[in-house]
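For the sequence shown, the working numbering begins at 99 and goes up steadily by one.
No lab work stands behind these hints: they were computed from the structure.
Just so you know, not all the hints are guaranteed correct.
Think about it this way: if two alpha-carbon atoms lie no more than 20 angstroms apart in a straight line, the pair counts; the simulated PhoX-like pairs of lysine-lysine are [as the list claims (entries may be wrong)]:
{"hint": "1", "residue 1": "LYS330", "residue 2": "LYS167"}
{"hint": "2", "residue 1": "LYS147", "residue 2": "LYS136"}
{"hint": "3", "residue 1": "LYS320", "residue 2": "LYS330"}
{"hint": "4", "residue 1": "LYS320", "residue 2": "LYS308"}
{"hint": "5", "residue 1": "LYS147", "residue 2": "LYS131"}
Using C-beta positions, here's what the derived DEER-type ranges look like [claimed, not checked]:
{"hint": "6", "residue 1": "SER219", "residue 2": "GLN168", "range": "32 to 40 angstroms"}
{"hint": "7", "residue 1": "LYS320", "residue 2": "PHE200", "range": "13 to 21 angstroms"}
{"hint": "8", "residue 1": "GLN108", "residue 2": "LYS136", "range": "43 to 51 angstroms"}
{"hint": "9", "residue 1": "GLU301", "residue 2": "PHE211", "range": "29 to 37 angstroms"}
{"hint": "10", "residue 1": "GLU277", "residue 2": "PHE211", "range": "30 to 38 angstroms"}
{"hint": "11", "residue 1": "GLU133", "residue 2": "GLN168", "range": "46 to 54 angstroms"}
{"hint": "12", "residue 1": "PRO328", "residue 2": "TRP184", "range": "40 to 48 angstroms"}
{"hint": "13", "residue 1": "ASP99", "residue 2": "ILE190", "range": "20 to 28 angstroms"}
{"hint": "14", "residue 1": "GLU114", "residue 2": "SER219", "range": "16 to 24 angstroms"}
{"hint": "15", "residue 1": "GLN213", "residue 2": "SER314", "range": "24 to 32 angstroms"}
Glycine included, each C-beta is placed from N, C-alpha and C at the ideal position.
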Amino acid sequence: DPQQVAAVAQCTSDIEAADFVALDLEFSGLFLKTERDKRILSLEDVYDKSAESIPEFLPLQLGLCCARKQPGGGLWELRTHEFNLWPQERRIFTADMQSLRFLRTHGFDFNAFFQQAHKYSRLPPADTDQGTMMRRLPPTHATRVLAALRRARAPLVFHNAMLDLMHLHDKFLGDLPDEYTEFGASWTAHFPLLFDTRLIAQEGRYQVLKHAGGLSLEELHKHLSGQDLPMKFERGGPIGAGATAHGS
Numbered sequence: 099d100p101q102q103v104a105a106v107a108q109c110t111s112d113i114e115a116a117d118f119v120a121l122d123l124e125f126s127g128l129f130l131k132t133e134r135d136k137r138i139l140s141l142e143d144v145y146d147k148s149a150e151s152i153p154e155f156l157p158l159q160l161g162l163c164c165a166r167k168q169p170g171g172g173l174w175e176l177r178t179h180e181f182n183l184w185p186q187e188r189r190i191f192t193a194d195m196q197s198l199r200f201l202r203t204h205g206f207d208f209n210a211f212f213q214q215a216h217k218y219s220r221l222p223p224a225d226t227d228q229g230t231m232m233r234r235l236p237p238t239h240a241t242r243v244l245a246a247l248r249r250a251r252a253p254l255v256f257h258n259a260m261l262d263l264m265h266l267h268d269k270f271l272g273d274l275p276d277e278y279t280e281f282g283a284s285w286t287a288h289f290p291l292l293f294d295t296r297l298i299a300q301e302g303r304y305q306v307l308k309h310a311g312g313l314s315l316e317e318l319h320k321h322l323s324g325q326d327l328p329m330k331f332e333r334g335g336p337i338g339a340g341a342t343a344h345g346s
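Based on the provided sequences and hints, a complete structural model is requested.
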């Protein structure tokens, strides 16, 4: 499909030029066990609970926003991309109807997902011959996007990142390690610079943001849109300024 080839090529080009890249994933479900925990979970508990569920669910869509600061002022160019994802190998997976209903009410196109998804597979290890392995991948492969991110070493930005990181590791890098400390070491070996905007907003909620509301992306966007910020944003890329961007 020439459109899929062009979409991957444009995204990898934007990644190479970006000062940072924001990412978001949409999933077929979140957790196998949906009952709320009655105790405060440690980081180890959260990792173990997530690691149990993640191999059972699929990421349905990857959204990226490649941000590049323009010279001579406070203008940032934001180029957004979205890829519906389909595993290269046959997979039997779990779907949570509540998650699918949430996606549908937020504009997710399931027809496009089934008809136009980009296949993906795991990246070759970082210490192997990258050129040979990548040449074997079709030009429509979403794995090329992750390879470009790993190659560029640009800062990656997420919001409430835990599930996104673990899914990306499981689907594109390798099996999830048993311990969360091993997971952190494995992730940073591939992608050393990471920012979580929810944690940043939580730390600077009152002193910096002057914000007493929620910390969802929607709440933060609404709050910051009402501020007189010293920078401007220009949105471009394949999605454009007027379209819905669920994953980015």
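A quick look at each hint next to the structure:
The straight-line distance between the Cα atoms of LYS330 and LYS167 is roughly 10 angstroms, inside the 20 angstroms bound, and the hint therefore holds. A distance of roughly 14 angstroms separates the Cα atoms of LYS147 and LYS136; the hinted pair therefore holds under the 20 angstroms criterion. Pair hint LYS320 plus LYS330 holds up; C-alpha atoms about 16 angstroms apart against a cutoff of 20 angstroms. Simply put, LYS320 and LYS308 have alpha-carbon atoms about 13 angstroms apart, close enough for the 20 angstroms limit, and the pair holds.
Among the hinted pairs, LYS147 with LYS131 is consistent with the structure: their alpha-carbon atoms are about 9 angstroms apart, no more than 20 angstroms. At roughly 36 angstroms, the beta-carbon separation of SER219 and GLN168 lies within the given 32 to 40 angstroms, and the hint holds. With their beta carbons about 20 angstroms apart, LYS320 and PHE200 fall inside the hinted range of 13 to 21 angstroms. Remark: the range hint 43 to 51 angstroms for GLN108 to LYS136 is upheld by a beta-carbon distance near 48 angstroms.
The beta-carbon spacing between GLU301 and PHE211, approximately 36 angstroms, falls within the hinted interval of 29 to 37 angstroms. For the pair GLU277 and PHE211, the beta carbons lie near 34 angstroms from each other, so the given range of 30 to 38 angstroms is met. At roughly 49 angstroms, the beta-carbon separation of GLU133 and GLN168 lies within the given 46 to 54 angstroms, and the hint holds. For the hinted restraint 40 to 48 angstroms between PRO328 and TRP184, the CB-CB distance of approximately 42 angstroms keeps it satisfied.
The beta-carbon spacing between ASP99 and ILE190, approximately 26 angstroms, falls within the hinted interval of 20 to 28 angstroms. Checked against the hint of 16 to 24 angstroms, the C-beta distance between GLU114 and SER219 comes to roughly 22 angstroms, which is consistent with it. For GLN213 and SER314, the Cβ-Cβ distance of about 31 angstroms falls inside the hinted range of 24 to 32 angstroms, so the restraint holds.
Comparing the model with each numbered hint stated earlier shows that all of them hold.
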